[in-house]
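A.B. asks: Listed below are the residues making up each chain.
Protein chains: 2
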Amino acid sequence: MPRIFPVIMAGGAGTRFWPLSRLRRPKQLLDLVEPGTSMLDATVRRVLSICDPRDVLIVTSRDIAGEVRREVSKLPEGAILAEPVGRNTAPCVGWAAVHVARRDPEGVMVVLPADHTIGDEPAFHAVVELAVRACLDGSLGTIGVTPTRPETGFGYIEVGGEVSPGVHRAVRFVEKPDLQRARQYLDGGKHVWNSGMFVFTAAAILREIERLMPALHAGLREIDAAIGSGDEVAAVERVYDAITGESIDYGIMEKTDQIVVCPGRFGWNDVGSWAAAYEMRKREADASRNVTATDLVAVDAAGCLAWASPRKLVALVGVADLVVVDTEDALLVCPRSRAQDVKKVVDRLKELKRDELL
Amino acid sequence: MPRIFPVIMAGGAGTRFWPLSRLRRPKQLLDLVEPGTSMLDATVRRVLSICDPRDVLIVTSRDIAGEVRREVSKLPEGAILAEPVGRNTAPCVGWAAVHVARRDPEGVMVVLPADHTIGDEPAFHAVVELAVRACLDGSLGTIGVTPTRPETGFGYIEVGGEVSPGVHRAVRFVEKPDLQRARQYLDGGKHVWNSGMFVFTAAAILREIERLMPALHAGLREIDAAIGSGDEVAAVERVYDAITGESIDYGIMEKTDQIVVCPGRFGWNDVGSWAAAYEMRKREADASRNVTATDLVAVDAAGCLAWASPRKLVALVGVADLVVVDTEDALLVCPRSRAQDVKKVVDRLKELKRDELL
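Protein sequences appear in the order of chains A and B.
When the letters of the first sequence are read in order and numbered with my numbering, they come out as residues 3 to 360.
When the letters of the second sequence are read in order and numbered with my numbering, they come out as residues 3 to 360.
Source of the hints: derived by calculation from the structure; they are not laboratory data.
Don't take each hint at face value.
[Said to hold, decoys possible] Computed list of lysine-lysine pairs in DSSO-like fashion (alpha-carbon distance at most 30 angstroms, straight line):
{"id": "1", "chain 1": "B", "residue 1": "345", "chain 2": "B", "residue 2": "284"}
{"id": "2", "chain 1": "A", "residue 1": "314", "chain 2": "B", "residue 2": "345"}
{"id": "3", "chain 1": "B", "residue 1": "352", "chain 2": "B", "residue 2": "178"}
{"id": "4", "chain 1": "B", "residue 1": "346", "chain 2": "B", "residue 2": "314"}
{"id": "5", "chain 1": "B", "residue 1": "352", "chain 2": "A", "residue 2": "314"}
{"id": "6", "chain 1": "A", "residue 1": "345", "chain 2": "A", "residue 2": "355"}
{"id": "7", "chain 1": "B", "residue 1": "284", "chain 2": "A", "residue 2": "355"}
{"id": "8", "chain 1": "B", "residue 1": "314", "chain 2": "B", "residue 2": "284"}
{"id": "9", "chain 1": "A", "residue 1": "192", "chain 2": "A", "residue 2": "257"}
{"id": "10", "chain 1": "A", "residue 1": "346", "chain 2": "A", "residue 2": "284"}
{"id": "11", "chain 1": "B", "residue 1": "257", "chain 2": "A", "residue 2": "314"}
{"id": "12", "chain 1": "B", "residue 1": "284", "chain 2": "B", "residue 2": "257"}
{"id": "13", "chain 1": "B", "residue 1": "257", "chain 2": "B", "residue 2": "192"}
{"id": "14", "chain 1": "B", "residue 1": "314", "chain 2": "B", "residue 2": "355"}
{"id": "15", "chain 1": "A", "residue 1": "314", "chain 2": "A", "residue 2": "257"}
{"id": "16", "chain 1": "B", "residue 1": "346", "chain 2": "A", "residue 2": "284"}
{"id": "17", "chain 1": "A", "residue 1": "284", "chain 2": "B", "residue 2": "257"}
{"id": "18", "chain 1": "A", "residue 1": "352", "chain 2": "B", "residue 2": "314"}
{"id": "19", "chain 1": "B", "residue 1": "355", "chain 2": "A", "residue 2": "284"}
{"id": "20", "chain 1": "B", "residue 1": "314", "chain 2": "A", "residue 2": "346"}
{"id": "21", "chain 1": "A", "residue 1": "314", "chain 2": "B", "residue 2": "314"}
{"id": "22", "chain 1": "A", "residue 1": "355", "chain 2": "B", "residue 2": "314"}
{"id": "23", "chain 1": "B", "residue 1": "352", "chain 2": "B", "residue 2": "314"}
{"id": "24", "chain 1": "A", "residue 1": "352", "chain 2": "B", "residue 2": "284"}
{"id": "25", "chain 1": "A", "residue 1": "346", "chain 2": "B", "residue 2": "284"}
{"id": "26", "chain 1": "B", "residue 1": "284", "chain 2": "A", "residue 2": "345"}
{"id": "27", "chain 1": "B", "residue 1": "178", "chain 2": "B", "residue 2": "192"}
{"id": "28", "chain 1": "A", "residue 1": "314", "chain 2": "A", "residue 2": "178"}
{"id": "29", "chain 1": "A", "residue 1": "314", "chain 2": "B", "residue 2": "346"}
{"id": "30", "chain 1": "B", "residue 1": "345", "chain 2": "B", "residue 2": "355"}
{"id": "31", "chain 1": "B", "residue 1": "345", "chain 2": "A", "residue 2": "284"}
{"id": "32", "chain 1": "A", "residue 1": "352", "chain 2": "A", "residue 2": "178"}
{"id": "33", "chain 1": "B", "residue 1": "314", "chain 2": "A", "residue 2": "345"}
In this text the structure is predicted, and so the values were computed from the model without any measurement.
Chain A with its partners taken away, still in its complex shape (with noise of 0.2 angstroms):
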């Protein structure tokens, strides 16, 4: 196997999970999923397997990079590269890629965001091992995930002829479909969710940002050159202050032919709201289905999420099918089916210019 850097994003600031997630407590810091265990956590968990544990990289927001460094004790300060401002997915791709590079060009980036679960690891290993070896030739690997519902809220991946056993052409990137075509895309067995997680050597994405982003790669000249200089933090300041955001999948992987895709099933969910996270704590469900990490009583409720200090108990009596979310300063009441409006709270909020509890 080639050396491989784990390239985490957590640089995401959800609104979906307020009040609990905050602008600096982002969903990747919570443990929704596992008791204990942030989705930061648990992603650098999952690649310790496959990797040193000195090649790992983090991209986060200089905004969250303390709670981050805790989160991530165990790995070397050096781990962590705090983006200044967030310019989407293809700069804080670049910038890792040229760390990787100096460390080994030929280096595989296995990229992947830091709020997503993966239910079966061993699947996603071996799913990784195929893109890893793929991408060797200076491909661009993406893993897709074979859908099991009509899901809208994803991207997808036309998946062409099988290259090599396990890896397919990418035949061309699709934005999230409404329902119709949702369905089409299930049923015609042609198409995977866009995982957002990449393969690809540090060469082999440069060379491309090069190519179809060159703005951005005489940026990351500018850096690699102050990295040897030591006056790194200043120059990615100028470099992300000079470049406008794009993300990796527009910049890059919609507009070149030379990518990979790996289809795969290993109980992947990117956890994209309350509703979410109550189904992906349902086996830990009351007998009236509630689902709760706190103290709860429930008189007549059903199929309720609880979520609160420790310290305080919840008493749900005659409601059903609702997330409950409990902080010290804020607390949400919402059906499990509106989840998604919750981000209405948080933009409202904006509007009331109530900083404090964003």
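Go by the hints and put chain B onto chain A.
C.D. replies: Showing chain B alone in chain A's frame:
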């Protein structure tokens, strides 16, 4: 006018306003109806226009005597009679009668629960004045409330012939009726709600206690003697330990024919549940009929009552007609229509021996 001694019964330990109400912070100490003013405080304020502040008596339980004292700090120390244990309303009224009789045997006791509200004070005072005059001949007066709905949660009084303008003979006390009977009472026009407010001279009620509850009367004589010798607390403890609990309704009112009733309409409400509290405060509701004593963001939420610390934001998304009550150690979510079932939570907590939450 004769000398009036308001006797405010403030011993109750309601469970229907849990988690805001607790054993040591019962309903009468909450500001459910008027922000910043407890129901006890409002009750005291209401009687101060018809009596000397030195003539107000408050009977409460020893457990909450300290809280009650703080609440009515403007009244003299001797205003508070702290029962060592609850024995229902007959001993409570009897003990107060002993005190009133020592000051003025012909003094008129106006006995009022501390946890009701009165919307129309002038109308209330007019009815009280009628009752005060009517009881000077030794009758026992009650204040009835003209029904406005077929309520099954109250006792009723059947109203007989008028003995003087606005004052009627009471034919009988009736227990809480079923809905059919409550409808008949409402349509028949001969029944009023038993408000639990009574008016009589100290001499008259002591005379009826002597006749109908001789054991209690003996105890009251023992207390009276002890007051003379400065040992009231020990005597009350002995007497309360020995007697059985009994309501003034059942022990006296239902068994004597000396009763007159003064019916009235004065915006009376016993504020029996969170649903009633919502109704009482509906005029403060927002455009979506949400009532709140807190910082609220409502997204597509209507008809809810939200109650929390002023330091906490409550966000309601896509829910209707809920009661949401948050305190430091407990949180309740319940439909308004199920507000009576809040006591089931309290029952459950008792079973679980979660005394810290009671």
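A.B. asks: Please write out, lowest number first, the hints stated earlier that are contradicted by the structure.
C.D. replies: 11, 12, 15, 17 and 28
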